[in-house]
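In case you want the letters, here they are:
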Amino acid sequence: MKIDIANGKTGKTLLTVDVTKTDSIGDIKKLHIQQKPYLYPTRISYKISLKDKPLSDDAKIGDFEQFTDGSVLYFKDLGTQIGWGTVFLAEYIGPIFVYLIFYTCRSCSLIYPGGKGVPMSNIQNLACAAYVGHYVKRVLETIFVHRFSKATMPIGNLFKNCTYYWGFSGFISYFVNHPLYTPPGCEAQVFVGLSVYLFGELGNLSTHIAFKNMRPAGSKTRVIPVPNGNPFTLLFNLVSCPNYTYEMISWLGFSIMTQTFFAGLFAVVGGAQMCQWAIGKHKNYKKEFDTYPKNRKAMFPFII
Amino acid sequence: SSGINAEWPLRPGYKLYFEVTMLGKVYLLLYNCCLAFGWSLVLWTTLRDMYEEQTTTSAYRKCQVALKVSQSLAVLEIVHAAVGLVRSSPMTTFIQVQSRLVVLWLVLDPVKEVQGDVNVPMMICAWSVAEIVRYWYYALSLIDCVPYILTWARYSFFTFLYPIGVSGELLTIYSILPHVSVSGLYSISLPNKLNVSFHYPTFLVLYMVGYLPYLPKLYMYMLTQRGKVLGKVVADAQKKSC
Numbered sequence: 461m462k463i464d465i466a467n468g469k470t471g472k473t474l475l476t477v478d479v480t481k482t483d484s485i486g487d488i489k490k491l492h493i494q495q496k497p498y499l500y501p502t503r504i505s506y507k508i509s510l511k512d513k514p515l516s517d518d519a520k521i522g523d524f525e526q527f528t529d530g531s532v533l534y535f536k537d538l539g540t541q542i543g544w545g546t547v548f549l550a551e552y553i554g555p556i557f558v559y560l561i562f563y564t565c566r567s568c569s570l571i572y573p574g575g576k577g578v579p580m581s582n583i584q585n586l587a588c589a590a591y592v593g594h595y596v597k598r599v600l601e602t603i604f605v606h607r608f609s610k611a612t613m614p615i616g617n618l619f620k621n622c623t624y625y626w627g628f629s630g631f632i633s634y635f636v637n638h639p640l641y642t643p644p645g646c647e648a649q650v651f652v653g654l655s656v657y658l659f660g661e662l663g664n665l666s667t668h669i670a671f672k673n674m675r676p677a678g679s680k681t682r683v684i685p686v687p688n689g690n691p692f693t694l695l696f697n698l699v700s701c702p703n704y705t706y707e708m709i710s711w712l713g714f715s716i717m718t719q720t721f722f723a724g725l726f727a728v729v730g731g732a733q734m735c736q737w738a739i740g741k742h743k744n745y746k747k748e749f750d751t752y753p754k755n756r757k758a759m760f761p762f763i764i
Numbered sequence: 171s172s173g174i175n176a177e178w179p180l181r182p183g184y185k186l187y188f189e190v191t192m193l194g195k196v197y198l199l200l201y202n203c204c205l206a207f208g209w210s211l212v213l214w215t216t217l218r219d220m221y222e223e224q225t226t227t228s229a230y231r232k233c234q235v236a237l238k239v240s241q242s243l244a245v246l247e248i249v250h251a252a253v254g255l256v257r258s259s260p261m262t263t264f265i266q267v268q269s270r271l272v273v274l275w276l277v278l279d280p281v282k283e284v285q286g287d288v289n290v291p292m293m294i295c296a297w298s299v300a301e302i303v304r305y306w307y308y309a310l311s312l313i314d315c316v317p318y319i320l321t322w323a324r325y326s327f328f329t330f331l332y333p334i335g336v337s338g339e340l341l342t343i344y345s346i347l348p349h350v351s352v353s354g355l356y357s358i359s360l361p362n363k364l365n366v367s368f369h370y371p372t373f374l375v376l377y378m379v380g381y382l383p384y385l386p387k388l389y390m391y392m393l394t395q396r397g398k399v400l401g402k403v404v405a406d407a408q409k410k411s412c
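Respectively, the protein sequence lines represent chains A and B.
Under the numbering used here, the first residue of the first sequence carries the number 461, and numbering increases by one thereafter.
Under the numbering used here, the first residue of the second sequence carries the number 171, and numbering increases by one thereafter.
Because the hints were derived from the structure by calculation, they are not lab data.
Idealized CB from N, CA, C, for every residue including glycine.
Hints are supplied without guarantee of correctness; some may be wrong.
Cβ-to-Cβ under 10 Å is the rule here; a few derived chain A residues that face chain B [what the hints assert, rightly or not]: (1) T480; (2) S484; (3) T642; (4) G645; (5) C646; (6) F749.
In silico DSS-like cross-links for lysine-lysine, where the CA-CA straight-line distance does not exceed 30 Å [to be verified]: (7) B:K398 to A:K576; (8) B:K398 to A:K472; (9) B:K363 to A:K469; (10) B:K402 to A:K511; (11) B:K398 to A:K620; (12) A:K469 to B:K398; (13) A:K507 to A:K490; (14) A:K511 to B:K363; (15) A:K576 to A:K490; (16) A:K513 to A:K610; (17) A:K620 to A:K469; (18) A:K754 to A:K741; (19) A:K536 to B:K398; (20) A:K520 to A:K481; (21) A:K496 to A:K741; (22) A:K472 to B:K363; (23) A:K536 to B:K387; (24) B:K402 to A:K469; (25) A:K536 to A:K747; (26) A:K754 to A:K536.
From just these sequences and the hints, can you work out the full model?
Here you go:
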C-alpha cells in the first residue's frame, strides 16, 4: 500500500512510500532517508495524528488497523541529535576540569590576587576529592552502568546542560578554593557533612546499578523497580527515583561539609529539577503499570 | 469576548483551572478599576508636581506612595495567572512584574541621590500611561464594552511607550552604579561564614546586558499582535456594516 508522509506543520505531502504490513517504521525511515540524505533515524518523528506520541521504530504497519492505501504519517524533523552518552560525558568531564582550575591556581593572581603563599586547608583538599570524585563516578557510570531508553536528544540540550554544570562548578569551586575561605566552626560539622555525602554517593551508585540490572543489555525494557539485596535499594519501597533522592542527599552533605552558599544553591536547584523529572517518570510508571505500588512517591518519601 | 484576558505568550492548550465565575469577574473588575485609578493618581501627581515646581527633583518623592502601592499590587497578577483566573502564562507575568519591582524597590528607592534625575519621571510617566490603558482595557473587556479607541491605544501606544520606558529603566539602573559602588549597597565581600560574595554593581551591569535580547523580541511580538488584533477589529466592523 502507498503511505503519504506529510509535513506535520503544513500538512503538505513530502513523499509517498510503498510498504507492506510487515514493514516497520524503521524501514519507512530508511526509505525517507534515501530521498533526504541529510536525515537520520533518530532525527525523524512520525505520528499518526498530531495529538499522539511519535511511533517507535520497531512498530510494524500491520500493528495499526487504520493503515490503508493513502494513509498519512505526519513527519517532524527533530533537529540535529546528539547521543545521551555523549552529552553525559561532556556534562560530567567539564566540571572536573573547571573545579581543578580553581583548586590548583591558588597563586594565580588573575583568579586569586593575593592568594600566593596562603596554604590550602584540609577541608579544601577534602572538598576537592569529594567534588572530583563525584564526577569521576558519573563518568564511569555513563560508560559502564547506564542503559539509555532513548538514544539521542536535541543538540540544544548539550549547551544548556553544560552551561548549568560547568557554570555551577565554577561558582562552587571559586568560593571553596578561595584564599579567604572560612571552614565550618566545628569539626563535627565537617564529619557529618562528609558522612552524609558518602551515604548519598553509595545510595546513588546502588540505585544506578539496580536500574542496570532491571534492563537487559541492548534492550529498552521497562519494569516496576523493586529493592534487590543491597540495603540502599530499600528506598525503592518509598520512591520511584531514589537515585535523585540520594543525589540531593550527596549535595546537601557536601554543602554542610563546606558551608558554602553556592554549594547549597546547587543542591536546591538540582533538587528542584530532579523533582520535576521524578514526577514525570513516576507518572509514566503509574500509567504503564496497573499494579504500581500506591504509596510510592516520586522523589521525596511520603511527600512528593 | 468571554472576559478572558489574552496575554503573551499563550501556550497551546493552556487550560483555565477555574471557571470564570461571577465572583471571579467581579473581583477582576474591582482589581482592574483600582489599579487603573492608582496609576492615574501616580501620573497626575507626577505631572502636577513637575508643572508646579518646574523641576523633576521632587516628582518621585510626591508620587512614590501611589507608585509603590500600584506597582506592588501587580504581584497579584502572577497569582491570577497561576490559578487560572486569567489566561496568561504565569512565567511571563512573573518576568514582567519582577523587572518593574527590581527597578522600583532595588534600584530607584534605595538610592536617594538619583531620584530627582529627569529619567525618573520620564520612566514613571511611561509606566503610568501604559498601565492606565492596560487596566481600563481589561476592566471594560470583562463587561464586553471596549471602545475601539481603547483597543487602538492598547495596541499602539507601546510603539513609543516601550522605548521610553525601557530607556528610563536602563538609565536609572546605570545612574545608580557609581553610588552603589561607593556605598556597598547589597554587596557582600569575603571572608564570611557562607563563603559567598556578591558585587551589586557587577550584577546590575549583567542585568542590563540580560535585558537586551528581550527588547527586540518583545517589540516584534507586540507589533504582530497589533496587526492581528486591530486587523480583526476592522474586519469585524466591516462585516457588521455590510
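If any of the earlier hints don't hold here, list their numbers in rising order.
-> 1, 2, 5, 6, 7, 9, 11, 14, 15, 21, 22 and 26
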